[in-house]
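These protein sequence lines are chains F and D, in that order. The opening position of the first sequence corresponds to residue 1 in the numbering used here, with each subsequent residue numbered one higher. The opening position of the second sequence corresponds to residue 1 in the numbering used here, with each subsequent residue numbered one higher.
In case anyone wonders, no lab produced these hints; they're calculated from the structure. Check each hint, because a few of them may be wrong.
No distinction is drawn between identical chains; accordingly, a pair holds when it is met within one copy or between any pair of copies.
As the list claims (entries may be wrong) - Below are the BS3-like pairs computed for lysine-lysine, each with C-alpha atoms no more than 27 Å apart in a straight line: (1) 110 / 289; (2) 127 / 302; (3) 45 / 221; (4) 151 / 273; (5) 68 / 127; (6) 175 / 221; (7) 223 / 289.
So the chains spell out like this:
2 protein chains.
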Amino acid sequence: MTTIKVNGEVNIQPNLAEFEFKEVLSSDPSRKAVFLLLNNKTTGKAAILVADKNPFVEDGSVINEWIKDAKLRNLAQNDIYGSYELLMPEKFNAVKSSLIYPATDKHILKYRRREVYMIYETADDYKSITKPSIKESLFNLDWVYNFLDHKAETDRIVFDDPDPNIGFMLAPDLKWNGVDVDNLYLQAIVVRRDIMSVRELTGEHIPLLENVRKQVRRVVKEKYGLNPNQIKMYFHYQPSYPHLHIHVINIKYEAPGAGMTCIFLDEAIDNLKIWPDFYQRATLPFVGKEGDVLLNKFREAKRLNEE
Amino acid sequence: MTTIKVNGEVNIQPNLAEFEFKEVLSSDPSRKAVFLLLNNKTTGKAAILVADKNPFVEDGSVINEWIKDAKLRNLAQNDIYGSYELLMPEKFNAVKSSLIYPATDKHILKYRRREVYMIYETADDYKSITKPSIKESLFNLDWVYNFLDHKAETDRIVFDDPDPNIGFMLAPDLKWNGVDVDNLYLQAIVVRRDIMSVRELTGEHIPLLENVRKQVRRVVKEKYGLNPNQIKMYFHYQPSYPHLHIHVINIKYEAPGAGMTCIFLDEAIDNLKIWPDFYQRATLPFVGKEGDVLLNKFREAKRLNEE
Numbered sequence: 001m002t003t004i005k006v007n008g009e010v011n012i013q014p015n016l017a018e019f020e021f022k023e024v025l026s027s028d029p030s031r032k033a034v035f036l037l038l039n040n041k042t043t044g045k046a047a048i049l050v051a052d053k054n055p056f057v058e059d060g061s062v063i064n065e066w067i068k069d070a071k072l073r074n075l076a077q078n079d080i081y082g083s084y085e086l087l088m089p090e091k092f093n094a095v096k097s098s099l100i101y102p103a104t105d106k107h108i109l110k111y112r113r114r115e116v117y118m119i120y121e122t123a124d125d126y127k128s129i130t131k132p133s134i135k136e137s138l139f140n141l142d143w144v145y146n147f148l149d150h151k152a153e154t155d156r157i158v159f160d161d162p163d164p165n166i167g168f169m170l171a172p173d174l175k176w177n178g179v180d181v182d183n184l185y186l187q188a189i190v191v192r193r194d195i196m197s198v199r200e201l202t203g204e205h206i207p208l209l210e211n212v213r214k215q216v217r218r219v220v221k222e223k224y225g226l227n228p229n230q231i232k233m234y235f236h237y238q239p240s241y242p243h244l245h246i247h248v249i250n251i252k253y254e255a256p257g258a259g260m261t262c263i264f265l266d267e268a269i270d271n272l273k274i275w276p277d278f279y280q281r282a283t284l285p286f287v288g289k290e291g292d293v294l295l296n297k298f299r300e301a302k303r304l305n306e307e
Numbered sequence: 001m002t003t004i005k006v007n008g009e010v011n012i013q014p015n016l017a018e019f020e021f022k023e024v025l026s027s028d029p030s031r032k033a034v035f036l037l038l039n040n041k042t043t044g045k046a047a048i049l050v051a052d053k054n055p056f057v058e059d060g061s062v063i064n065e066w067i068k069d070a071k072l073r074n075l076a077q078n079d080i081y082g083s084y085e086l087l088m089p090e091k092f093n094a095v096k097s098s099l100i101y102p103a104t105d106k107h108i109l110k111y112r113r114r115e116v117y118m119i120y121e122t123a124d125d126y127k128s129i130t131k132p133s134i135k136e137s138l139f140n141l142d143w144v145y146n147f148l149d150h151k152a153e154t155d156r157i158v159f160d161d162p163d164p165n166i167g168f169m170l171a172p173d174l175k176w177n178g179v180d181v182d183n184l185y186l187q188a189i190v191v192r193r194d195i196m197s198v199r200e201l202t203g204e205h206i207p208l209l210e211n212v213r214k215q216v217r218r219v220v221k222e223k224y225g226l227n228p229n230q231i232k233m234y235f236h237y238q239p240s241y242p243h244l245h246i247h248v249i250n251i252k253y254e255a256p257g258a259g260m261t262c263i264f265l266d267e268a269i270d271n272l273k274i275w276p277d278f279y280q281r282a283t284l285p286f287v288g289k290e291g292d293v294l295l296n297k298f299r300e301a302k303r304l305n306e307e
């Protein structure tokens, strides 16, 4: 290892050859990413290597350069259709990666694959399992309230309607750089503090939801040039924090975690118009992760369909 | 180009260096895939190159081999966390690819990115736009009927319940190799021929849906070792063919086209139990693609939210 100084601290520049493979902690074959547990051969200490292949650079001169030197190995040929294994020169195959070294057991736990399960939450499950569990967790929503009160992150506000009943604030999601419209990702966070999730919506909330729909459509069109049918507006269930918010994303963009269950805003508005108590009665599916508090509560109640 | 013979036909083994870049027809940055339009520098004829990076091989000896020779370029370092650009030796960077050459305008149209749009189909839209459009299209379902009648693909049957009212046939989806349980993908195709999609389900169909749920859960557990909560069972809306079928996939697997809207079987059963006419009244969202017949019908009816 080479000793380097970062921010005045002595640090080490790792050499991967000093490590050996221990375990695949998790992987995402469709995204061509892998999370590896490694072991330093000298110190015996653990490291985690995250390796995530880069997308193709969509620039003609770059593409012409690798086309010139690429090697094709023919796998199958049928009329005008050929299948190949293509090898690009090394420099076009960069992999975005990060290394945590030395890694603690906590890091390892965080990166280890956790089994996921489908859970179908009935209205009764919500009352007896989910709602008490959220109340019990004493979720800290200070960051939401500080944001709504203009006490923090005021530079991130895209649009602000302060009405106490139908108001909301629109801001870029942390996953978005705020620039590339192709992967536009905003969140609309409602001003009201008494709605934990889509589960608690009733016919009474239609004006709030219609206001969000109308204003977001207008702002997204004016600011980013996207038509209403080029964006998706939806709730996650379960949400990641218990204060009503709506995801606004470019329909072209497949956000990571797309496996999560979504309820579209338009769908919710129409359900509430036809059946004002829809979300008090319907079964709402969601994906639970091994280790989650809520999943364990469903398991204790034997509502996990484990066999 | 080298002339080679395939199946007795004279064919050509392409050399990529003979082509030059013309256009990115479409791309999927999250999956690290790209569809390129190329031009043969000698013949002037068009070619389409599909390039899709391979997932990491999750085998310790393979990983140890590239770790040994990988180069890291430090991008940022903060305490135990480092970000790098990692270069693996060429042979570990294979890209699955296919080449269509010469490609016709039809091929090019097929691979060119088509804009997608959110459409919210109300019950009225279904009656006045969608249903007439499906009827008009005279969709050929012979392959479904041949399959259900044991006239074709009998070796693909995983399970068969021939009951005329609640029966169905279970078979691997064409996207699944039938072996890797990690990306298990089956389709349950109902025996009844009078249900075009989830839109036409009523309380009357609950026994059919419950039968599919019960038997599929049992068969998947027995044959593939997955618990009911480790699989997703859902309908696509709009479906790709107008004969009721249910997708059965490993919850871990993010199928391509995950952006499509899904209605879970369990959700549908519970909706029908509470509101037997739910799918005759509800608004169902779906994703339409530019060029689709149905999308054009919604556009003509000014139901596309284009501004």
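Verification of the hints:
1. 110 / 289: Within one copy only: 12 Å inside a chain, 38 Å across chains, cut-off 27 Å.
2. 127 / 302: Only inside one copy: residue 127 and residue 302 sit 15 Å apart there, 42 Å across copies, limit 27 Å.
3. 45 / 221: Answer is neither: 52 Å inside a copy and 40 Å across each miss the 27 Å cutoff.
4. 151 / 273: For residue 151 and residue 273, neither the intra-copy (36 Å) nor the inter-copy (47 Å) Cα distance is at most 27 Å.
5. 68 / 127: neither (63 Å within a copy, 55 Å between copies)
6. 175 / 221: within (21 Å within a copy, 37 Å between copies)
7. 223 / 289: between (37 Å within a copy, 24 Å between copies)
In summary, the numbered hints that this structure violates are 3, 4, 5.
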